[in-house]
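Undergrad: Quick note, the sequences are listed as chains A and B, same order. Under our numbering, think of the first position of the first sequence as 1, with each following residue one higher. Under our numbering, think of the first position of the second sequence as 1001, with each following residue one higher.
Calculated from the structure, these hints are not laboratory results. Just so we're clear, the structure is a prediction, and the values are computed from it rather than from any experiment. Positions of the beta carbon are idealized from the N, C-alpha and C atoms, including for glycine.
Quick look at which bits of chain B chain A covers, simulated, 3 or more residues with Cβ under 8 Å:
| hint | region |
| --- | --- |
| 1 | 1014 to 1025 |
| 2 | 1030 to 1036 |
| 3 | 1353 to 1366 |
Label pairs and their in silico Cβ distance ranges:
| hint | chain 1 | residue 1 | chain 2 | residue 2 | range |
| --- | --- | --- | --- | --- | --- |
| 4 | A | 197 | B | 1313 | 48 to 56 Å |
| 5 | A | 176 | B | 1031 | 28 to 36 Å |
| 6 | B | 1168 | A | 78 | 27 to 35 Å |
| 7 | B | 1005 | A | 132 | 42 to 50 Å |
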Amino acid sequence: MKDQKTMAYLNMYAVLGTLENLCELDPKCKEILSGIKKPVSLCFDVKDGPAATIKFTSKGCRMEDGVKPCDIKIPVSSCEKFNQIIDGTVTPVPSKGFSKIGFLLKTFTALTDRLSEVMQPSEEAMKDREFFELNVKCTFYTIAVALAQIGNQDEIGKHSASYMVDGDILFGIKDGPTATLRVKDHHLVTIKQAPEKPRAIMKFSDIDLAYALFTGTANALECVCNGSIEIHGMASMIDNMNRLLDRVALYLG
Amino acid sequence: MSKYPEYSHEKGRACFDRALKVIPAGIYGHLGPSEGLWIPIQKWPFYSSKAQGSYFWDLDGNKYIDYMCAYGPNVLGYNDPDVDAAAMKQMKLGNCTTAPSSVMVDCAENLVDTVASADWAFFCKNGSDTTTLAVMTARAHTHKRKIIFLKGYYHGDFQWAQKIDYPGILPEDVCHNLVAPWFDIPALQKLYDDNDGDIAGLIAQPYDHGNFYDNVPANKEYWQGVRKWCDDHGVVLIFDDVRAGFRLDIAGSDHYYGIKADLICFCKALANGYNMSALCGGEHMKSTVSGMTYTGSYWMSAVPFAACIACIDKMKKIDLPNHCRKLGTQLTDGLKAAAANNGFDLVASGEPALFYLRIANDDSLMLHQEWVAECVCRGLFLASHHNHFINGSLTEDDVKTSIDIAEDAFNVVRKNHPELK
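Could you build the full structure based on these sequences and the hints that come with them?
TA: Now the structure itself:
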């Protein structure tokens, strides 16, 4: 069963957070961003839930955890409401930054529309290899961040995290994106780059395999057996990360 | 130049590729690449073609000195002539029959005479069958619900013994499982108090022999303390001796630690590979077990009982625990010295009969996995994550050869890691 609070954390950091990567990888997003004359920061502050501030420039965007000084602030009354905003069934209302409403309505909406297009692609769109790779890379970052959120928020996910020893897990696709899942006292943090000294490694052989795993047409354990997933190091960390991956499918599948 | 050239596994790989098409994961479970942690998979033999004593051969004709012993069942050596002769003799008389063979009674009597805490034996097939029966029995006996496990536990793969986040497990399957740290009797009391005394049993392996960390032997003082605590609180003490059984003490690992468990589970070493398991217990538990609804199609097959009797008799004859302790110590001392010669710090922990190994030069186990892989592909079959097993057919010459292969493998790893100098 999905927990609304966990879902809100996923929506904030894993889904909205993927804007960082999309803006870096996607020419269409770069074009949208090129219209930004001065940096704009947008803060979502969810009551009893996550809070993050995203800073947009003409070059890209970066998300920071928490409420930071911002141009536009959107307070959200509950995790449920925030999830509805991300689903597109509720319109966000800012409490600050009415002069920047144009950014919210045009630029931000164009970026999130593009995010939806990439993350929920049509079959036709996926036939284009470039778009396919963009989808898989963005999905990778979404999943990598979702792992930490589920390990920290979801009741069953916390159980998996409780069995993880301290250290960095390298989670990646060969010749593709790589992330670090950092464990410290059973609290998880995702860093969108490879660790310097991983204590465990889980690497998919290629982007097509990653897609098959993300869409549930391949099983990670089976891939370990056939050698298409490479694992090294503290396997108990990977074992428990796999259990978190199972939960990611529940929330984002 | 390596003294022991690296094996290749073309035929094994081809067979595994066939398997992947018709068997989920090719080889599932602990004998396969995933749970068995074959890192990297290319270094492992996949399948065996034959086995004898302490060795098996793969499909490509490569020979291995086997310290996993099929993860325990090979306790006297593969194809032990005495056990096999007893099994073959019984096979000609009958095996899976409507009226069970009387060899079942002979086997139960043998176990009762052998295991110090046993007044009866209830036979099944796998370790999980017995741990499940033990937990059910504890609940039936006490009319209470909760079971205490000790951290790092493994009591088989039935739903109740898995964890809440495992695939296919419901929170309801494990909602009466409580976990206490090892060697902490006040923690048991806290769990008892926090749960209003609703504790049916405590299930534990004889000592902390979990995976991925140094194993920690117990002592008599600890187990005597636990025994007293269970007695004081009406909690059924269940010894899961599936893995360690008979290798520490022919009379049971509870006897080794100076206590009598209420229930004790055996499987792996019971019949030298013939498929059977047994739950044994004290007289005070017998009527409860008698009332359980619990059976299986092959649980009273006669051939494994005949094998079990021959196996127990031979384990006594050769003083198996002493043999395992002596050769386990020789081996681990030799491996540690071979490691030191190459600049590695190899830690051997747990009981020598079930030694656990870990290269302590890094905390990721990557070096350790690399060394184990180099050992395996040179004919020394080890595991990187799990305790090992000594068997009764192992010789001092086998130990010497094993240390020699291990030294060669250390040498290979050292050359691959000039940064470690």
